[in-house]
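K.L.:
Residue-level listing of the chains:
Protein chains: 2
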Amino acid sequence: MALIVQKFGGTSVGNTDRIKNVAIRVAKYHAQGDKIIVVVSAMSGVTDNLIKLAKEIMPLPNEREMDMLLATGEQQTIALTAIALHALNIPAVSLTGAQAGIVTDVVHTKAKIHNITPKKIHELLDAGNVVIVAGFQGETKDGQITTLGRGGSDLTAIALAAALKADLCQIYTDVDGVYTADPRLVPSATKLAEISYDEMLELASLGAKVMQSRSVEFAKKFGMVFEVRSSLNENPGTIVKEETKSMEDVVIRGVALDKNQAKVTLVGVPDKPGVAAKIFKALGDATVNVDMIVQNISHGTGTPQTDISFTVEKADLLKAQKVIDGLKKEVGLRDVIIAEKIGKLSIVGVGMKSHTGVAGKLFETLAQAGVNIDMISTSEIKISVVIDLAKGEAATKAVHAAFIG
Amino acid sequence: MALIVQKFGGTSVGNTDRIKNVAIRVAKYHAQGDKIIVVVSAMSGVTDNLIKLAKEIMPLPNEREMDMLLATGEQQTIALTAIALHALNIPAVSLTGAQAGIVTDVVHTKAKIHNITPKKIHELLDAGNVVIVAGFQGETKDGQITTLGRGGSDLTAIALAAALKADLCQIYTDVDGVYTADPRLVPSATKLAEISYDEMLELASLGAKVMQSRSVEFAKKFGMVFEVRSSLNENPGTIVKEETKSMEDVVIRGVALDKNQAKVTLVGVPDKPGVAAKIFKALGDATVNVDMIVQNISHGTGTPQTDISFTVEKADLLKAQKVIDGLKKEVGLRDVIIAEKIGKLSIVGVGMKSHTGVAGKLFETLAQAGVNIDMISTSEIKISVVIDLAKGEAATKAVHAAFIG
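If you're matching them up, the sequences are chains A and B in order.
Residue 1088, in our numbering, is where the first sequence stops; the numbers in between run on with no holes.
Residue 1088, in our numbering, is where the second sequence stops; the numbers in between run on with no holes.
The set of hints was computed from the structure by calculation and includes no laboratory data.
Since the list gives no way to pick out one identical chain from another, each pair is judged satisfied if it fits inside one copy or across any two copies.
Straight line, CA to CA, 35 Å or less: simulated DSBU-like cross-link-like pairs of lysine-lysine:
| # | residue 1 | residue 2 |
| --- | --- | --- |
| 1 | 802 | 738 |
| 2 | 711 | 795 |
| 3 | 1005 | 942 |
| 4 | 738 | 703 |
| 5 | 928 | 942 |
| 6 | 795 | 824 |
| 7 | 1074 | 1002 |
| 8 | 711 | 738 |
Nothing here was measured: the structure is a model prediction, and the numbers come from that model.
Isolated chain A, as found in the complex (with noise of 0.2 Å):
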């Protein structure tokens, strides 16, 4: 008899027939014998309907009253879930965050879980129930509604799973796992068994939104194994855990190609001490997220002067321009170039800290396929690459078949 946390995300309940659908498979595993704890997001739909109405009234409502608000998107769903196992005659009770016992900060609408208190639950199960918690939600200590922010359910279910010491997370999505690559665009792409959490985490920051960095690393603080797995069918899906020494013989876990990111280049930027902290100091506090930073070397007569391009979401470019705008002269930029029609390839795999050539293998088979590269940046277990995004899905299937095959 296994402890078993399911999460189920917002299209997976997006309406009663696919709710129906949900209880379905929860009473397979409850006709097992097995204690399971459902954890359950809002509808699809629901919670930028709620958004929008708060909008309506006005444009940066609250973060208390937002949380109170949105925190009714999963309450309904637990409710409907916990119905639809009683319409297949299986005891189900449904909790609040705040019932099941998840005490967070008192930071709205990006709270963090501070412990977990399952008593109610362990009761509930004990008397045979399944149990239904409502994702993306908690309550301060004294007693505000608070939510967990982007992935927030997620991360409820690794919590829970964690705090009961669960023998099974499993994470329902409408994908059937991880893959080597996006198969709509790499048709040999396989899934894949098994993953690190470091080469999830890598994978997630990059193309690949399988799940939110968040609660892969709550996950991996924790050493809380998980599975991520489709909702749609019966398939295993991969299993994300600690790194073990077998993942090292592959050396290259997945390709990864991001076509959301701009290049933003900054020319003739004076080389001297605390200019460079001044650019990213004034994008940080504008919350432009900067992925890549290149710094090219120091050229020029009289003050020397060097360039520097770096990488933000498409949609933080505006936001970067801006800034960049307002220092343009009291910095002493000499002109500001922007490249949209990029593409951010990235290899990841831990088996890449014992294996040497990597990259000039990597920099080879693009060379091969005639790929001019922008930009490069590495970490321990991943190289990233800017190139042209006219090539880029030509550039990942390439590497896909030099790596994995």
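Fit chain B to the supplied structure of chain A, relying on the hints for placement.
P.N.:
Leaving out everything else, chain B in the frame of chain A:
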């Protein structure tokens, strides 16, 4: 500086524009330095939609889970109302029923308020906030979410006003107050400045459904004076309070016509002990709400027989017919006659207690208007007659003219 409880129903908060209007109204009182508690219902349509979703999954969903589901409607409105007050620069904090300290029994979907611990409300009021409380809901001692059933938001408002010893409790609705008759029917009908709890209760149980009886009964029990008024204009409404000596000077407070009744006549009922009891117990068991009952004198040879007539809501007629059909043989009825085209005309007034000749005047007025009386029922402060539906409106006008003007 007064302490005021203001309650707004689902139509008054039906969309974000209306919620903004509620905020503007609250702001006026706040500007006078009053301490204000606002109680709101779910936005109109929201509760019905949630019920529909639940019934798509299961025809008779579990009541605990229905409470979990339906409580979200009011929780959404409180957050949006708080945001609307913030937009006017007024400090406001929303509280769920549970957070407001409303403790109920565990009878899900129709819980009774057990007690109110308004500590949190007082703290927030003292800090200068408008406090927005979710109507219709509470929490059991062990943290289960409950709802109070139909008219529950009125009950929340009146119970809070009583617990906080509020100076004023205003029930905002889509009518101006309580009228001497339905103004669409009787153009000369006038709004009552005040009415006693008992008169309001009799009117509530008739056609004039301004409020559910339960809330009025609660107010009567705790002597909580409240005002029914419109959220669409600034007109003063009707004050509902304990009857005073001066109220008795007015013999008839209002005339009401209920077109929603049907009459069932059982012909040839054996006139022996226990037969009527059997019939009405069976109807009660089937949750048919029987209103008036009239039994004629006994006649016939052999076992004496009698005729029994009773009225039920048209909505309950089919259920009633089924019950009667099931009993027909067992009890030995000769025939069952259904009359759907009837109207129940009632006059209400505490003045009846100290004035004689009211019934005589009513019957005479109806006779002069050519209206035949089918059934009669009286209480201390009410006389009801069943008449032909086709003559209902003319009869109402005639009676209003005779008693009120």
